[in-house]
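Protein chains: 2
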Amino acid sequence: MNYGIVGLGLMGASLASRLMELGHNEVYGFDINPLTIQIAKDRNYITEGSTNPEELLDRCQIIILALYPTQIQPWIEKYQSSIQVGSILMDISGVKSNIVKPCQEILKYGLELISIHPMCGRESRGIEQADPTIFDDANFIVVPTEKNTHSSILLAEQLGSYLGCTRVATLTPLEHDRMIGFLSQLTHVIAVSLMNTHDNSHLVEYTGDSFRDLTRIASINEDLWSELFILNKDILLDETNQFIDAITHFRDVLQAEDIEEMKRLFIQSTERRQLFNK
Amino acid sequence: MNYGIVGLGLMGASLASRLMELGHNEVYGFDINPLTIQIAKDRNYITEGSTNPEELLDRCQIIILALYPTQIQPWIEKYQSSIQVGSILMDISGVKSNIVKPCQEILKYGLELISIHPMCGRESRGIEQADPTIFDDANFIVVPTEKNTHSSILLAEQLGSYLGCTRVATLTPLEHDRMIGFLSQLTHVIAVSLMNTHDNSHLVEYTGDSFRDLTRIASINEDLWSELFILNKDILLDETNQFIDAITHFRDVLQAEDIEEMKRLFIQSTERRQLFNK
Numbered sequence: 001m002n003y004g005i006v007g008l009g010l011m012g013a014s015l016a017s018r019l020m021e022l023g024h025n026e027v028y029g030f031d032i033n034p035l036t037i038q039i040a041k042d043r044n045y046i047t048e049g050s051t052n053p054e055e056l057l058d059r060c061q062i063i064i065l066a067l068y069p070t071q072i073q074p075w076i077e078k079y080q081s082s083i084q085v086g087s088i089l090m091d092i093s094g095v096k097s098n099i100v101k102p103c104q105e106i107l108k109y110g111l112e113l114i115s116i117h118p119m120c121g122r123e124s125r126g127i128e129q130a131d132p133t134i135f136d137d138a139n140f141i142v143v144p145t146e147k148n149t150h151s152s153i154l155l156a157e158q159l160g161s162y163l164g165c166t167r168v169a170t171l172t173p174l175e176h177d178r179m180i181g182f183l184s185q186l187t188h189v190i191a192v193s194l195m196n197t198h199d200n201s202h203l204v205e206y207t208g209d210s211f212r213d214l215t216r217i218a219s220i221n222e223d224l225w226s227e228l229f230i231l232n233k234d235i236l237l238d239e240t241n242q243f244i245d246a247i248t249h250f251r252d253v254l255q256a257e258d259i260e261e262m263k264r265l266f267i268q269s270t271e272r273r274q275l276f277n278k
Numbered sequence: 001m002n003y004g005i006v007g008l009g010l011m012g013a014s015l016a017s018r019l020m021e022l023g024h025n026e027v028y029g030f031d032i033n034p035l036t037i038q039i040a041k042d043r044n045y046i047t048e049g050s051t052n053p054e055e056l057l058d059r060c061q062i063i064i065l066a067l068y069p070t071q072i073q074p075w076i077e078k079y080q081s082s083i084q085v086g087s088i089l090m091d092i093s094g095v096k097s098n099i100v101k102p103c104q105e106i107l108k109y110g111l112e113l114i115s116i117h118p119m120c121g122r123e124s125r126g127i128e129q130a131d132p133t134i135f136d137d138a139n140f141i142v143v144p145t146e147k148n149t150h151s152s153i154l155l156a157e158q159l160g161s162y163l164g165c166t167r168v169a170t171l172t173p174l175e176h177d178r179m180i181g182f183l184s185q186l187t188h189v190i191a192v193s194l195m196n197t198h199d200n201s202h203l204v205e206y207t208g209d210s211f212r213d214l215t216r217i218a219s220i221n222e223d224l225w226s227e228l229f230i231l232n233k234d235i236l237l238d239e240t241n242q243f244i245d246a247i248t249h250f251r252d253v254l255q256a257e258d259i260e261e262m263k264r265l266f267i268q269s270t271e272r273r274q275l276f277n278k
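Order-wise, the sequence lines are chains Z and B. Just so you know, the first sequence maps onto residues 1 to 278 in UniProt numbering. Just so you know, the second sequence maps onto residues 1 to 278 in UniProt numbering.
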């Protein structure tokens, strides 16, 4: 089966590059920027590419949409007439509930969209940062709905393993978005807010690994992440409010010098964190 | 000069072990636990040790107090009569303003306390976790007061380099505690509060490196850190309140779907974080 990769940013170009590494002869790439297409061809990330999807789409049986979340539905509306009946579309959007079902509803007869999330994004962006090894050892989530066939779910799971992801799981859109809301989005809110707490440039020379680890994800693609946050707004607000409650409680415990409760909180966090050791 | 290391926990035993590695013939170790002394001797971390400081203290010219912060002043009161006039004491406490000056005030004539902070603590505790390499590439802060002589400040700075720390800096107690309040203590409050936000054990299998990095320091020695937090209470409360303000602002921006302000916050955090790249 031939792949079409739509959007050759960090994720799309990494995907294309990994597929080419695996020996595929036909990986087609699409991007609005002709320079990006040229780089992808020069680096052998794709067999052929175009800024106009209509030119090559009919050669692809699996089309992976590596677009910003809000671009997915407009892209499908505009270009699905050029896609062969029987093809499978996959989106790799970082949020699902508000993306997958609306897109599935507008699909023409004979197309299927199965949603996937390779959890291996980076703080950087663009084809220059593409790297096929980001899939190695990553989590790969398949997010089916009642519109999906058993065979497309299986195909998506196999793609995850094939790309090199070691943990392939299946979640509903809501389960996915709750998991992402806590593990990824809330942690980004925290890192961004910590860097924004006050000017801290005078502290650079004293910084150790803990602070660097905690704030690495404060480097963030503002266009992508504002979309991801707004699209998962209710869940992320809930998680953020729960975290604010937890840290406000800690602040109150410190204010009151309630050492027993402080120790209980430390012991609880230590016990919970032990589960997450690799 | 002979060293005496008081308290052979993670930090004290690592210090002793590094000094022995460097070829010192006389490194004396003190601990309340006889088993700890035995382990230190078996592993060649110390030349000789005792549970009773009075036995060996008069052989030491540099005495490093690797005790819990609240134990430092009582230890000095109890044992300083056994210390040779002309000796230098150093404490490695993680907070300074509420420790150093009270200790300096009770010192007998002929002793000097110069405060140091090798910034290389770990999430673990105890002699079993000792490791002389923790000093390599670490920050080492010397924290003098007006009671200190030029020669003892120089001695402390030289010790930092000698132990293998690559960045040796000098700060006042207040500067030190403000720096630690933001870079270390607030980050621990955040990691602990994130783990305590809600039960998250069902999410273990989906966790990526970002979440692991951010919560590593949620594993915490509850006895030590409750002391460190209470002793730096005013500064840590101020930092925590500023962070709560920052994340509450982010929450409000998300609630209002104020995309322009959200992007501004992302861009600011990204720019600030770039300074901290190694």
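Note that these hints are calculated values from the structure, not bench results. Since the structure is predicted, the reported quantities are computational estimates derived from the model, not experimental observations. Any given hint might turn out to be false.
Put simply, identical chains are the same to the list, so a pair is met inside one copy or across any two.
[To be verified] Below, in silico cross-link-like pairs of lysine to aspartate or glutamate (EDC-like), each with a Cα-Cα straight-line distance of 16 Å or less:
| id | residue 1 | residue 2 |
| --- | --- | --- |
| 1 | 147 | 252 |
| 2 | 263 | 227 |
| 3 | 78 | 261 |
| 4 | 41 | 257 |
| 5 | 41 | 205 |
| 6 | 233 | 252 |
| 7 | 233 | 175 |
| 8 | 233 | 258 |
| 9 | 263 | 223 |
| 10 | 263 | 222 |
| 11 | 78 | 55 |
| 12 | 108 | 222 |
| 13 | 233 | 257 |
Taking the hints in turn, this is what the structure says about them:
no.	hint	result
1	147 x 252	neither (49 Å within a copy, 36 Å between copies)
2	263 x 227	between (39 Å within a copy, 10 Å between copies)
3	78 x 261	neither (58 Å within a copy, 31 Å between copies)
4	41 x 257	neither (63 Å within a copy, 39 Å between copies)
5	41 x 205	neither (42 Å within a copy, 36 Å between copies)
6	233 x 252	between (28 Å within a copy, 11 Å between copies)
7	233 x 175	within (15 Å within a copy, 39 Å between copies)
8	233 x 258	between (35 Å within a copy, 12 Å between copies)
9	263 x 223	between (41 Å within a copy, 7 Å between copies)
10	263 x 222	between (38 Å within a copy, 5 Å between copies)
11	78 x 55	within (13 Å within a copy, 86 Å between copies)
12	108 x 222	neither (33 Å within a copy, 59 Å between copies)
13	233 x 257	between (35 Å within a copy, 8 Å between copies)
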